[in-house]
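Chains as they are written, first to last, in my numbering: chain U, 1 to 248; chain L, 1001 to 1295.
Certain hints may be false.
[Stated by the list, open to error] Think about it this way: if two alpha-carbon atoms lie no more than 30 Å apart in a straight line, the pair counts; the simulated BS3-like pairs of lysine-lysine are:
id, chain 1, residue 1, chain 2, residue 2
1, L, K1290, U, K111
2, L, K1211, U, K158
3, L, K1147, U, K158
4, U, K116, L, K1003
5, L, K1090, U, K111
6, U, K155, U, K245
7, L, K1212, U, K116
8, L, K1075, U, K158
9, L, K1009, U, K48
10, L, K1113, U, K158
11, L, K1061, U, K114
12, U, K155, L, K1003
13, U, K114, L, K1290
14, L, K1009, U, K155
15, L, K1290, U, K155
16, L, K1290, U, K48
17, U, K193, L, K1212
18, L, K1073, U, K114
To be clear, the hints were calculated from the coordinates, so they are not data collected in a lab.
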Amino acid sequence: MPQIEFKNIVKEYEPGNKVLDNVSFTIDAGEFVFLVGPSGVGKSTLVKLLIREEIPNEGEVLFDGLSELEVAEGMETSLVSSPTSVNVPDLPYERLPELRRRIGVVFQDFKVLKSKNVFENVAVALEVGGASENEIREVVPNVLSLVGLAEMIEKFPKELSGGEIQRLSIARALAHEPDVLVADEPTGMIDPKSTEEVVRVLDKINSLGTTVLMATHDNTIVDSMKKRVLRIEEGKIVSDKEGGKYSE
Amino acid sequence: MSKHWENLKTVYVRERFLVVSNVAVMTVTFLVLGFFLSTAVGMQTAIRTLEEQAQITLFFKDEYLEADILALKEKLIGDERVLSTRYISKEEAFDIFTDINRDEPILLEAISKDILPASLEIRAAKLVELTNLATEFESIEGVEEVKFFKDIVDRFRQWANIVYIVGGTLVLIFVGLSFAVVMSTLRLTINSKGDEIEIMKLVGANDDYVKKPLLFQGVFFGLLSSFIASVLILIIFTSVHFFGIFGATSVLVLVPGVKIASWLFLIILVVLLLLFGGGLGYLGSHTAIKKYLKY
């Protein structure tokens, strides 16, 4: 059973203007998938649909990541597509925090808290989930170490480079040990050297078992990584290749 | 809890002007509300007091004998429209007159007890009976003059109604205004924290986590404003009492039929204002936040 399944997704922000037109694909647990295509073709919309920042007009977004107990508590049986898979758009509002702790998200514009230092930025992700102080003290240094920021624990975002800030946002996304890490154009605002660092970190995370879905229009990264490439154009999936290249 | 206080301190440091102006507007609202409630209770008390006064006074001709007046009094007691009667003889009238005008020796010298008429003070069971009774009394033999306070009571009622309507409208306007100000202030705070809230929601914060500190702020500012207004009202009332206008032991009519001491009324007023302040703060912030949680 796939971990993520987009099934016949149609999304219109304005009536008659389809950003996504009958999009279907699946992602298995542990995969690293690039979602490529020019700007404005619906890559970010797919990411938003997965974390339910947006709701599709038609179709289903199935996610196999919430435990049976969580599903049983929060949803009617009819909304559950398989014993553990849920249709994200049908997920009750109050269950969103759980979904968003199972799917870590990295944004192009970082979305870090400027008034908090590196440690606090990661800690906040655990705090909102009700983690104890001991747990926070234990987990935060570990994830910061994973992204290579262990030495910068006291620094504030304004003291970091673009690449470091993006790695900080990756660390925050990893704090809950999510099943899936979604990166929406994570290298869009950083220099090539930092881009390499960020991609290396994402690859490392994937090798540890986390599914990674990365939306990008950076052909250099895609071509060098040789991972599965989903190409989207004018709201439709036009190609889906294992070990593919950006332009294929 | 200490985290909420820390947040509050941050809000004050960052948005001092906004916080002060918000608290000021809310304080004025609660002051108006407090004064309106006091005025309403004062009016109610005055109306009841007026109603309890002798409502009709019959003055008798000198030749009408006391025995006849007392016979009339007995007769009136049997009338169900009459609540009570009180006979005031010429002597008693003179004593009352002397007592009232004890600082006017020239006036007292000029008046003898024969000049003042004997009278009957009559309280009607219902104010609506006043006019009929007064007309009937005018035709009784020996009655020289009938005085009754219907006009005064009616006029006072009219004014009281105007005060209720204007005061009530003012309070409603101020409550609406205050609600809007609380919401706008919190919205500005939320806007300035918009990114933070969005990020928190995206990393899995539930609504309570985001809402609690903002609700705490709203309730705190509401309570603070109503507390300041209460203190101001207490200072003003105490000053008024000090100058002898408002007696601390005087009895007020809270609602028709319920009389309480003025100090108890002040306590009730302060409690009401504090409850209202906290409630408005909660409701205002709750409504303001609601809009920002829908993502």
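Right, here's what the structure says about each hint:
1. L:K1290 with U:K111: holds (22 Å)
2. L:K1211 with U:K158: It holds: about 28 Å lies between the C-alpha atoms, which stays within 30 Å.
3. L:K1147 with U:K158: violated (87 Å)
4. U:K116 with L:K1003: Between K116 of chain U and K1003 of chain L the Cα gap is close to 15 Å, so the pair holds against 30 Å.
5. L:K1090 with U:K111: Outside the cut-off at roughly 94 Å; violated.
6. U:K155 with U:K245: The given pair, whose Cα atoms are some 38 Å apart, is violated under the 30 Å limit.
7. L:K1212 with U:K116: holds (20 Å)
8. L:K1075 with U:K158: Status violated; Cα separation ~97 Å.
9. L:K1009 with U:K48: Given pair K1009 of chain L, K48 of chain U is violated - Cα atoms ~35 Å apart, limit 30 Å.
10. L:K1113 with U:K158: violated (98 Å)
11. L:K1061 with U:K114: violated (94 Å)
12. U:K155 with L:K1003: The given pair, whose Cα atoms are some 22 Å apart, holds under the 30 Å limit.
13. U:K114 with L:K1290: holds (25 Å)
14. L:K1009 with U:K155: It holds: about 23 Å lies between the C-alpha atoms, which stays within 30 Å.
15. L:K1290 with U:K155: violated (34 Å)
16. L:K1290 with U:K48: Between K1290 of chain L and K48 of chain U the Cα gap is close to 21 Å, so the pair holds against 30 Å.
17. U:K193 with L:K1212: violated (42 Å)
18. L:K1073 with U:K114: violated (89 Å)
Checked against the numbered hints above, the structure violates hints 3, 5, 6, 8, 9, 10, 11, 15, 17 and 18; every other hint is satisfied.
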